[in-house]
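Engineer: Sequence order for the protein chains is P and D. Under the working numbering, think of the first position of the first sequence as 2, with each following residue one higher. Under the working numbering, think of the first position of the second sequence as 405, with each following residue one higher.
Just so you know, these hints were derived from the structure itself, not from any lab. A couple of the hints might just be wrong.
Pairs of lysine-lysine residues, derived as DSSO-like cross-links and limited to a Cα-Cα distance of at most 27 Å, are as follows [stated by the list, open to error]:
(1) Lys634(D) with Lys495(P)
(2) Lys495(P) with Lys482(D)
(3) Lys522(D) with Lys421(D)
(4) Lys300(P) with Lys502(D)
(5) Lys171(P) with Lys482(D)
(6) Lys469(P) with Lys634(D)
(7) Lys170(P) with Lys728(D)
(8) Lys522(D) with Lys368(P)
(9) Lys210(P) with Lys151(P)
(10) Lys407(D) with Lys522(D)
(11) Lys680(D) with Lys487(P)
(12) Lys487(P) with Lys459(P)
(13) Lys368(P) with Lys395(P)
(14) Lys421(D) with Lys151(P)
(15) Lys758(D) with Lys511(D)
(16) Lys732(D) with Lys170(P)
(17) Lys495(P) with Lys758(D)
(18) Lys487(P) with Lys634(D)
(19) Lys469(P) with Lys630(D)
(20) Lys495(P) with Lys630(D)
(21) Lys151(P) with Lys482(D)
(22) Lys421(D) with Lys511(D)
(23) Lys171(P) with Lys680(D)
(24) Lys634(D) with Lys680(D)
(25) Lys119(P) with Lys171(P)
(26) Lys300(P) with Lys459(P)
All figures in this text were calculated on a predicted structure; none of them were measured in a lab.
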Amino acid sequence: MPQFLAGCAKNGASTLPTNPPANPFLAWFGVDEAMLRRVMAELTSRGATHADAYFQHARNNTIVMEDGIVSQAYSNIEQGVGLRVVMGDQVGFAFTEELTEQAMLAAARTAATIASGKPGPRPEQFTYRDDRRGYYQTKVAWSDIGIDKKLPRIQKAEAMTRAGDPTIKKVSVYWSDSEERVMVVNRDGRIVTDARPMARMSVSVTAQKNGVTQSNGSNIAGRRGFEFFDDASLQQVTKEAVERTMVLFDARRPPAGELPVILAAGASGILLHEAIGHGLEADFNRKGTSIYASMLGQKIAPDFCTIIDDAQLDSERGALNVDDEGSETERTVLVENGVLRTYLHDQISADHYKIKSTGSGRRESYKHAPMPRMRCTFMANGPHTREEIIESVKGTGIIAQTFTNGQVQIGAGDYTFYIKNGWLVENGKITAPIKDVNIIGNGPESLKRITMAANDSKLDTGGWTCGKDGQGVPVSQGLPTVLVSKLTVGGENKNA
Amino acid sequence: MRKELLDIAAAAVAAAKQAGASDAFASASRTRSVNFELRNGKLEKVEDSTSRSLGLRLFANGRYSVHSTTDLRPDQVKAFVANGVAITRALQPDPHRKLADRALYPKQLPALDLEDTKLGKLDRDKRMQWLRAMNDRVATAPKVISATSSVNDDTSIVAAVSSNGFQHAYESTSVGYSTSITLDDGERRPEDWMGAWGRHLDTLPAVEGIADEALRLVRARLGMKKGPTKRATMVVDARAAANIVGRLLGPANGGSVQQERSFWRGKIGKQIVSKKLTIVDDPLIARGLGSRPFDGEGIAAAKLPLVEAGVFQNIYVDTYYASKLGQKPTTGSGSNRVVSLGSRGRDALIGAAKDGIYVTSWLGGNMDSTTGDFSLGARGHMIEGGALGAPIGEINVTGNIVELFTNLVEIGNDPWKYSSTLSPTLVFENVQFSGA
Numbered sequence: 002m003p004q005f006l007a008g009c010a011k012n013g014a015s016t017l018p019t020n021p022p023a024n025p026f027l028a029w030f031g032v033d034e035a036m037l038r039r040v041m042a043e044l045t046s047r048g049a050t051h052a053d054a055y056f057q058h059a060r061n062n063t064i065v066m067e068d069g070i071v072s073q074a075y076s077n078i079e080q081g082v083g084l085r086v087v088m089g090d091q092v093g094f095a096f097t098e099e100l101t102e103q104a105m106l107a108a109a110r111t112a113a114t115i116a117s118g119k120p121g122p123r124p125e126q127f128t129y130r131d132d133r134r135g136y137y138q139t140k141v142a143w144s145d146i147g148i149d150k151k152l153p154r155i156q157k158a159e160a161m162t163r164a165g166d167p168t169i170k171k172v173s174v175y176w177s178d179s180e181e182r183v184m185v186v187n188r189d190g191r192i193v194t195d196a197r198p199m200a201r202m203s204v205s206v207t208a209q210k211n212g213v214t215q216s217n218g219s220n221i222a223g224r225r226g227f228e229f230f231d232d233a234s235l236q237q238v239t240k241e242a243v244e245r246t247m248v249l250f251d252a253r254r255p256p257a258g259e260l261p262v263i264l265a266a267g268a269s270g271i272l273l274h275e276a277i278g279h280g281l282e283a284d285f286n287r288k289g290t291s292i293y294a295s296m297l298g299q300k301i302a303p304d305f306c307t308i309i310d311d312a313q314l315d316s317e318r319g320a321l322n323v324d325d326e327g328s329e330t331e332r333t334v335l336v337e338n339g340v341l342r343t344y345l346h347d348q349i350s351a352d353h354y355k356i357k358s359t360g361s362g363r364r365e366s367y368k369h370a371p372m373p374r375m376r377c378t379f380m381a382n383g384p385h386t387r388e389e390i391i392e393s394v395k396g397t398g399i400i401a402q403t404f405t406n407g408q409v410q411i412g413a414g415d416y417t418f419y420i421k422n423g424w425l426v427e428n429g430k431i432t433a434p435i436k437d438v439n440i441i442g443n444g445p446e447s448l449k450r451i452t453m454a455a456n457d458s459k460l461d462t463g464g465w466t467c468g469k470d471g472q473g474v475p476v477s478q479g480l481p482t483v484l485v486s487k488l489t490v491g492g493e494n495k496n497a
Numbered sequence: 405m406r407k408e409l410l411d412i413a414a415a416a417v418a419a420a421k422q423a424g425a426s427d428a429f430a431s432a433s434r435t436r437s438v439n440f441e442l443r444n445g446k447l448e449k450v451e452d453s454t455s456r457s458l459g460l461r462l463f464a465n466g467r468y469s470v471h472s473t474t475d476l477r478p479d480q481v482k483a484f485v486a487n488g489v490a491i492t493r494a495l496q497p498d499p500h501r502k503l504a505d506r507a508l509y510p511k512q513l514p515a516l517d518l519e520d521t522k523l524g525k526l527d528r529d530k531r532m533q534w535l536r537a538m539n540d541r542v543a544t545a546p547k548v549i550s551a552t553s554s555v556n557d558d559t560s561i562v563a564a565v566s567s568n569g570f571q572h573a574y575e576s577t578s579v580g581y582s583t584s585i586t587l588d589d590g591e592r593r594p595e596d597w598m599g600a601w602g603r604h605l606d607t608l609p610a611v612e613g614i615a616d617e618a619l620r621l622v623r624a625r626l627g628m629k630k631g632p633t634k635r636a637t638m639v640v641d642a643r644a645a646a647n648i649v650g651r652l653l654g655p656a657n658g659g660s661v662q663q664e665r666s667f668w669r670g671k672i673g674k675q676i677v678s679k680k681l682t683i684v685d686d687p688l689i690a691r692g693l694g695s696r697p698f699d700g701e702g703i704a705a706a707k708l709p710l711v712e713a714g715v716f717q718n719i720y721v722d723t724y725y726a727s728k729l730g731q732k733p734t735t736g737s738g739s740n741r742v743v744s745l746g747s748r749g750r751d752a753l754i755g756a757a758k759d760g761i762y763v764t765s766w767l768g769g770n771m772d773s774t775t776g777d778f779s780l781g782a783r784g785h786m787i788e789g790g791a792l793g794a795p796i797g798e799i800n801v802t803g804n805i806v807e808l809f810t811n812l813v814e815i816g817n818d819p820w821k822y823s824s825t826l827s828p829t830l831v832f833e834n835v836q837f838s839g840a
């Protein structure tokens with residue numbers, strides 16, 4: 002395997018003025034500038050407002066411990082190039098896993114069929130940006146770590162989990178590490194590269210008490226190296242997995258209907274992701290299909306609500322040095338003191354709205370064309386405290402603590418998220434654990450109903466993957482403790 | 405192409421043996437996917453790509469691992485296999501890991517008619533003609549903000565070779581088109597869709613009908629109100645039924661049962677849900693969307709009764725979990741899941757329900773596979789006096805999936821055809837809704 006240049010451009014981009022003798026990324030993919038020039042010429046042969054080639058090599062390793070032994074491992078290599086031609090709002094796309102000139106030219110010809118004009122500008126010179134701005138610094142790279150180093154960490158996590166409670170019957174530990182090499186070749190000759198690590202550990206627990214079986218789990222993830230799985234991380238994920246399982250034995254369903262919902266700090270950022278985040282992805286707004294399509298500049302939430310989508314948070318799962326179109330990433334303030342400021346843009350929507358991309362053009366892999374996507378979405382601190390918020394609930398309400406998934410209908414604005422663990426609140430006091438509750442609400446209505454936000458904003462450490470049009474991308478989310486005065490709680494009322 | 409893929413798989417197995425593996429199962433596949441999308445009269449997306457990959461299951465010294473790659477250059481495949489064997493050796497031994505029993509492999513493959521050879525002749529003009537026909541029916545209709553029509557088709561070959569005598573390949577195709585529409589309804593912008601998919605072109609209905617139906621469905625959403633909080637009869641549209649049938653069957657697999665994360669555990673052979681419910685997994689349906697001649701381990705396709713008159717009969721179990729559970733393997737994964745039909749259609753079932761809620765689609769939600777407790781977002785219509793009433797949304801349906809299917813009172817005769825889970829309209833009593 003070729004090695005990558007170490008230590009270049011940790012902070013700020015480096016632009017190499019001349020053609021380097023052996024650019025590691027070109028060498029990695031087995032291509033040279035002359036070949037790229039011909040591929041880009043074919044790609045732009047019928048005209049283009051944008052055109053790019055997205056080279057990617059992704060390697061993932063998964064190891065599973067089940068029934069006390071580490072006896073399953075999975076490795077996956079995906080390598081290919083996605084070729085895209087953009088003509089205004091129109092996209093032609095093709096990919097190939099054969100990185101030969103012949104295969105790339107054929108894919109470029111296919112992508113070019115979206116356009117029907119004269120040849121457009123194409124690169125004669127290339128400039129290089131190794132845009133590793135250091136948002137995911139790793140101490141120990143995954144390529145330096147053999148499976149023999151991973152096994153003891155997995156076994157330790159399993160033992161820590163088993164020791165968590167005598168009623169535990171089954172423990173599974175899923176380990177996953179991956180590395181991606183990305184090289185985006187743009188029509189203007191910019192070649193932007195990035196190397197992206199990812200680490201994730203997930204622990205599942207099944208326990209049995211008095212003939213009743215319950216199971217649950219937890220996971221942690223980040224753009225991190227081997228050092229991520231230190232004792233503190235293992236302690237956190239295994240403790241969470243055990244606690245979240247054991248509490249289910251006492252958990253019940255809350256009443257059905259509209260209740261005040263307190264969102265616990267951290268993972269509750271899923272509220273933002275579903276209630277507003279997707280609705281602010283600019284492709285939906287450009288097409289007029291989002292409920293937020295005519296709300297730019299309007300007051301949509303209380304003054305204390307500032308919502309940010311940030312690609313620059315150190316080693317977060319949603320962190321990105323550059324996006325998948327080769328654009329610089331940024332900290333995008335979506336809602337500032339309650340006012341809707343901007344959508345999340347890729348190049349197509351940025352052109353449409355005649356502004357700069359927010360660096361939100363992302364794709365699952367070289368097999369897909371990019372779209373505007375979230376990165377790390379969170380709300381800044383509010384003026385209240387968690388205690389004040391809990392005490393403010395008169396009558397019955399709930400606290401949403403952990404989540405499994407959510408979804409949204411972009412146009413209707415209805416969204417959901419699923420609470421795996423939470424608490425019942427009665428007259429300002431936490432009274433009992435709850436479980437398995439779907440929450441449904443309407444995005445703009447819910448934002449108006451945020452009545453309190455605490456000063457304890459934090460990001461979740463779990464590994465979230467966001468799905469859109471069949472493409473999954475890693476994201477992060479966060480929230481301070483927040484009170485939504487009324488949301489529909491999928492509980493149960495015993496009387497017919 | 406078939407020979408080339410069989411050669412790649414065979415070479416991977418040989419390389420694995422040479423690198424020290426005791427056994428190996430390799431599958432090589434190639435898929436061409438074409439996707440055209442037209443929005444508001446303008447071609448918005450053209451995608452056309454051919455993907456190849458090699459998957460390898462390795463056994464060495466009682467150890468096991470699985471690997472895949474899209475880099476099929478011979479020298480790279482060799483390195484990939486050697487790396488895979490090295491990973492395998494580093495794991496702990498597991499006596500339950502072995503290749504499938506060769507007696508379970510197919511002697512010859514059944515004729516399932518999964519390939520439409522005419523699909524190769526499908527050209528850009530024909531795709532554009534369909535897209536324009538769909539677009540023209542709906543794009544300029546009142547209140548339409550956005551109308552997107554798409555055409556997709558896939559052509560695949562899978563070839564698999566094992567070190568204990570498996571060697572088969574098969575071709576398959578799929579083709580379909582759909583229209584999705586967003587309407588202007590004041591603050592809200594309701595959306596809905598209709599589509600049709602099949603293995604063969606000649607099984608698809610006319611494109612115009614698809615577009616018309618999409619427009620009818622989304623127009624029915626205009627004026628949507630928040631649904632009520634109540635216990636009521638729930639009629640689930642055939643298109644939405646696959647979701648809850650899938651949730652009932654989700655934990656019916658060896659891994660979940662052996663890991664004690666399944667409400668199917670300890671229930672085989674027992675009457676668990678309504679006697680009205682019978683579900684068979686049938687991989688042998690000619691032209692079926694989920695049909696296949698063999699599964700991922702090479703086990704020959706066979707019908708598998710899952711639920712018979714409310715009795716839980718079988719689970720999906722592969723060679724590994726069968727060995728752990730001390731039973732025979734069935735198959736590790738589902739194919740076509742077929743719900744036995746009743747005698748009446750949707751309208752008759754809504755008429756018989758008199759009052760309740762008709763669910764047309766789900767939004768999010770989840771289920772605990774250990775207990776069966778679920779809670780799902782939904783939308784649909786009120787049922788009033790045996791007729792469809794106002795459109796409603798922003799409601800949850802909450803309960804336990806086993807209890808829900810115990811309260812299954814009637815099954816329709818109108819399966820949604822464009823899914824591998826073939827379910828008709830389903831009627832459940834005493835279901836908890838939460839809304840306003």
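Engineer: Each hint should be assessed against the structure and marked as holding or not.
Structural biologist: Here is how each hint holds up against the structure:
1. The straight-line distance between the Cα atoms of Lys634(D) and Lys495(P) is roughly 11 Å, inside the 27 Å bound, and the hint therefore holds.
2. A C-alpha spacing of about 63 Å is found between Lys495(P) and Lys482(D), which places the hinted pair above 27 Å, so the restraint is violated.
3. Straight-line distance between C-alpha atoms of Lys522(D) and Lys421(D) comes to about 40 Å, which puts the hinted pair past the 27 Å bound.
4. Restraint check for Lys300(P) and Lys502(D): not satisfied, since their Cα atoms lie roughly 62 Å apart, outside the 27 Å limit.
5. Distance hint between Lys171(P) and Lys482(D) is unfulfilled; the C-alpha atoms sit about 38 Å from each other, more than 27 Å.
6. Distance check on the hinted pair: Lys469(P) and Lys634(D) sit about 33 Å apart at the alpha-carbon level, beyond 27 Å; violated.
7. Between Lys170(P) and Lys728(D) the CA atoms are separated by roughly 16 Å; this keeps the pair inside 27 Å, and the hint holds.
8. For the hint linking Lys522(D) to Lys368(P), the alpha-carbon distance of about 26 Å falls within 27 Å, and the restraint holds.
9. Between Lys210(P) and Lys151(P) the alpha-carbon distance is near 33 Å, which puts this suggested pair outside the 27 Å criterion.
10. This hinted pair checks out: Lys407(D) and Lys522(D) have alpha carbons roughly 21 Å apart, not beyond 27 Å.
11. Proximity of Lys680(D) to Lys487(P) is assessed by CA-CA distance (about 39 Å); at most 27 Å being required, the pair is judged violated.
12. Taking the CA atoms of Lys487(P) and Lys459(P), the gap is near 23 Å; set against the 27 Å cutoff, the hint holds.
13. For the proposed pair Lys368(P) and Lys395(P), the alpha carbon gap of about 52 Å is over 27 Å, so the pair is violated.
14. In summary, the hint linking Lys421(D) to Lys151(P) is supported, as the alpha carbons are separated by about 26 Å, within the 27 Å threshold.
15. Straight-line distance between C-alpha atoms of Lys758(D) and Lys511(D) comes to about 53 Å, which puts the hinted pair past the 27 Å bound.
16. At most 27 Å may separate the alpha-carbon atoms for a hinted pair to count; Lys732(D) and Lys170(P) meet this at roughly 24 Å.
17. For the proposed pair Lys495(P) and Lys758(D), the alpha carbon gap of about 23 Å is at most 27 Å, so the pair holds.
18. At roughly 18 Å between alpha-carbon atoms, Lys487(P) and Lys634(D) fall within 27 Å of each other, so this suggested pair holds.
19. With a C-alpha separation of about 26 Å, the suggested pair Lys469(P) and Lys630(D) falls inside the 27 Å cut-off, and the hint holds.
20. Between Lys495(P) and Lys630(D) the CA atoms are separated by roughly 22 Å; this keeps the pair inside 27 Å, and the hint holds.
21. Pair hint Lys151(P) plus Lys482(D) holds up; C-alpha atoms about 24 Å apart against a cutoff of 27 Å.
22. Between Lys421(D) and Lys511(D), the direct Cα distance comes to roughly 24 Å. Compliance with the 27 Å bound is thereby established for this hinted pair.
23. Restraint check for Lys171(P) and Lys680(D): not satisfied, since their Cα atoms lie roughly 35 Å apart, outside the 27 Å limit.
24. Pair hint Lys634(D) plus Lys680(D) holds up; C-alpha atoms about 25 Å apart against a cutoff of 27 Å.
25. Our distance criterion of 27 Å between C-alpha atoms is broken by Lys119(P) and Lys171(P), whose separation comes to about 64 Å.
26. Proximity of Lys300(P) to Lys459(P) is assessed by CA-CA distance (about 25 Å); at most 27 Å being required, the pair is judged to hold.
Hint violations for this structure: numbers 2, 3, 4, 5, 6, 9, 11, 13, 15, 23 and 25, all remaining hints satisfied.
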